[in-house]
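There are 2 protein chains.
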Amino acid sequence: MSPLLLSFILEKHVTNNQKHDWDTLWVNANLATMARAGSYEIIKNGAVGIKGGKISWVGAMDALPETHTGEVRDAKHAWLTPGLIDCHTHLVYAGNRAEEFALRLQGKSYAEIAKSGGGILSTVRATRAATEEELLALSEKRLRSFLNEGVTTIEIKSGYGLDTASEMKMLRVARKLQELHPVTVRTTFLGAHTMPPEFSDKDAYIDMICNEMLPTITKAKLADAVDGFCESIAFSPAQITKLFDAAKKHGLAIKLHAEQLTDQGGAALASKYNALSADHLEYISEAGVKAMAKSGTVAVLLPGAFYTLRETRKPPVQLFRTHNVAMAIASDSNPGTSPVCSLLLMINMGCVLFGMTPEEALCAVTRNAAKALGIDDTVGTLEVGKVADMALWDIAHPVDLAYNFGYNPCIGVINRGKFRTMKA
Amino acid sequence: MSPLLLSFILEKHVTNNQKHDWDTLWVNANLATMARAGSYEIIKNGAVGIKGGKISWVGAMDALPETHTGEVRDAKHAWLTPGLIDCHTHLVYAGNRAEEFALRLQGKSYAEIAKSGGGILSTVRATRAATEEELLALSEKRLRSFLNEGVTTIEIKSGYGLDTASEMKMLRVARKLQELHPVTVRTTFLGAHTMPPEFSDKDAYIDMICNEMLPTITKAKLADAVDGFCESIAFSPAQITKLFDAAKKHGLAIKLHAEQLTDQGGAALASKYNALSADHLEYISEAGVKAMAKSGTVAVLLPGAFYTLRETRKPPVQLFRTHNVAMAIASDSNPGTSPVCSLLLMINMGCVLFGMTPEEALCAVTRNAAKALGIDDTVGTLEVGKVADMALWDIAHPVDLAYNFGYNPCIGVINRGKFRTMKA
Chain C
18 MSPLLLSFIL EKHVTNNQKH DWDTLWVNAN LATMARAGSY EIIKNGAVGI
68 KGGKISWVGA MDALPETHTG EVRDAKHAWL TPGLIDCHTH LVYAGNRAEE
118 FALRLQGKSY AEIAKSGGGI LSTVRATRAA TEEELLALSE KRLRSFLNEG
168 VTTIEIKSGY GLDTASEMKM LRVARKLQEL HPVTVRTTFL GAHTMPPEFS
218 DKDAYIDMIC NEMLPTITKA KLADAVDGFC ESIAFSPAQI TKLFDAAKKH
268 GLAIKLHAEQ LTDQGGAALA SKYNALSADH LEYISEAGVK AMAKSGTVAV
318 LLPGAFYTLR ETRKPPVQLF RTHNVAMAIA SDSNPGTSPV CSLLLMINMG
368 CVLFGMTPEE ALCAVTRNAA KALGIDDTVG TLEVGKVADM ALWDIAHPVD
418 LAYNFGYNPC IGVINRGKFR TMKA
Chain U
18 MSPLLLSFIL EKHVTNNQKH DWDTLWVNAN LATMARAGSY EIIKNGAVGI
68 KGGKISWVGA MDALPETHTG EVRDAKHAWL TPGLIDCHTH LVYAGNRAEE
118 FALRLQGKSY AEIAKSGGGI LSTVRATRAA TEEELLALSE KRLRSFLNEG
168 VTTIEIKSGY GLDTASEMKM LRVARKLQEL HPVTVRTTFL GAHTMPPEFS
218 DKDAYIDMIC NEMLPTITKA KLADAVDGFC ESIAFSPAQI TKLFDAAKKH
268 GLAIKLHAEQ LTDQGGAALA SKYNALSADH LEYISEAGVK AMAKSGTVAV
318 LLPGAFYTLR ETRKPPVQLF RTHNVAMAIA SDSNPGTSPV CSLLLMINMG
368 CVLFGMTPEE ALCAVTRNAA KALGIDDTVG TLEVGKVADM ALWDIAHPVD
418 LAYNFGYNPC IGVINRGKFR TMKA
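First to last, the protein sequences are chains C and U.
The opening residue of the first sequence carries number 18 in my numbering; numbering runs sequentially from there.
The opening residue of the second sequence carries number 18 in my numbering; numbering runs sequentially from there.
Pulled out of the complex, with its shape left as it was, chain C reads as follows (with noise of 0.2 Å):
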């Protein structure tokens, strides 16, 4: 060793002694830091001391000071990741849709289904019956099933209200599912996310979405951002600029539910308004890629809905790469499209639907779904200075997380520095 180096490592050990009063140390953990874009970042044999509930140091056991106090957790060799985030959920309704996929596979048409009740209005008639109790009993059934796999950050819209107190009603379900549960739940507002059953003029709706049930939901400090579905079923590009101006004006950030079935420019008009990211994208022109390149916005990627629906046409994954967007993967949990509550079969899913590459998915559920929520700069990594939110996998590589599906190899969650250990 160079008379520098040993040098180097003793001054560092002396700086490093003098803050090492760690709460908590992890030794004899498998990294991937994800600290890097695109990369797993890998530290083999390392440790990660917590202190505070946020993350104070990081590295190899050989970097590892001699002296520091505080609990020693052992890893025995397992891998510790960044808690993953789902970037997209509908995680709060009530009512259930199974027997609409059943008439569906019976060779019923829509048209049907919703003629005998069926549909999204189906979903918006029983969240809005649903007491708030209820509301919370359902969804933490679901809830529950994503923390099981490592989840630590969920986000939940809204949209199965569409009329001011029943979209307030799921917000406050979802805000009460981060007090009682070890997650951080990030709100969005969807009242645009279909016409509701007592409305017939979309701008009208449009209206009270802006000039209501904005500042009110605003006001209660129940949404984190704000959300829309553009689509020539759901709501035009001059009605998402109305809602996005009133969201603005409100402060709140912006996301968009864009060229899921047709291109109707919605990502290029999100990326305007620096859209935190753009969602779907199976039909997104090169164009809209390269106007979220230069916003920064996001490419929020659906595999369960994709899967579903029995899409084939794919969101444009190299497109993504050769623009440099981030590319992240959600769950898009909901009762109609994408029945789902795993995020790990998200990732197998981005991977063989979408042809990413085990990397980027694992990247596309932890750095870049926290850019798609805004929240880079606290979660989605393991770096000093974030939360400690962290899981604890028994695979022999990262990539195995891609690779197996119906799988779960969780065997701890660290929440806010916090271990729970998993007793599936």
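Hints are computed from structural coordinates only; laboratory data are not their basis.
Hints may be right or wrong, so weigh each one.
Claimed, not checked - Sample of chain C residues with no beta-carbon within 10 Å of chain U, all distances over it, derived:
| id | residue |
| --- | --- |
| 1 | Thr41 |
| 2 | Lys61 |
| 3 | Gly76 |
| 4 | Arg114 |
| 5 | Glu129 |
| 6 | Ile137 |
| 7 | Arg159 |
| 8 | Tyr300 |
| 9 | Ile392 |
| 10 | Asp411 |
| 11 | Gly429 |
To be verified - Computed beta-carbon distance windows for the label pairs:
| id | chain 1 | residue 1 | chain 2 | residue 2 | range |
| --- | --- | --- | --- | --- | --- |
| 12 | C | Ala304 | U | His340 | 35 to 41 Å |
| 13 | C | Thr339 | U | Glu129 | 20 to 26 Å |
| 14 | U | Ser249 | C | Lys307 | 33 to 39 Å |
Said to hold, decoys possible - So, partial list: chain U residues that the calculated Cβ filter (under 7 Å) puts toward chain C:
| id | residue |
| --- | --- |
| 15 | Phe118 |
| 16 | Leu362 |
| 17 | Val416 |
Cβ atoms here follow ideal geometry from the backbone N, Cα and C, with glycine treated the same way.
On the provided structure of chain C, position chain U as indicated by the hints.
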């Protein structure tokens, strides 16, 4: 109530009362008994009596005799179904093909992967090198994933040993899994899976299977059935015929991997030997389907491999319906083409990818899967006389088992009458 009906009920009570010394009685359960082909055969608000590990009473709560002895367990309106049966797995293996999965997604060809030491022979090398204890530990992790989702019977094939000692090692591990865990294991000898690296002549290897491996394995009572891979890239119909003749001589049941990539007439060949099942079947002809109908051979469909390989040609579900061929669904759990450990997910994929109805799909992992293993006289339905293997679900209707995916609503499993709760 008519006097006749009343007297019938009274008579039944009297008869019933004489034998109702149940060990356990499950009450307030909704039942999907699967007691008739193609149907849930639902009993809302039902009960199941268990005696000596077998089902001794099934019916509505209303019809329950007034007096009975034994422990009473309240299902609290959860659903009971037959325990799930996975009738086609390669659960026992060592090694991991995650790196190969990643290479494929990075654009590497199969030839390049094989050249770099990947492919099925990498699993053969790892499985041969593993001790019995190592193989057992690896297999137990995968098994637990299935058991947590209500599986009570699982078939396990050899086929990564490809020499007598290694094939026997795999089969002993499979038997050991039944000893150590609450599950019934059916073993299948699949020496004719692929060519071992030390052989170059397929006929010579088939001769070795028939003259050495099969007699030794039969003598050791390690296999319940014999299986082969009839495919352009594996063994020819003539070679499989030799294998089947030997299997017949040794009194073993027959199964076949057939028509996965091309139509070799394998299903018809298997049917000629009254095979329990022909498996995969994406490329089966109508003549093949008719042959299966005649012999009562079950069509085992494997959506996990179809999904992982991004196949586009589906098995002809409508032809199986038309010709009354029973359809089963299995996981095909294996490290190369279906690294999955969830039979529930396969139910969903059977519907989404193959267009089966949820009712067909549940049949396919209960009564029809039992038939594919030749054990439909003892398991697969909730009927008097059957083994008391059941799964308890927190669902609103059995359709939910197909509709949700990446979600496990199993709250408990009953194996041979013995209950264990799931703690997830």
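Tell me, in ascending order, the numbers of any earlier hints that this structure violates.
-> 4, 7, 10, 12, 14
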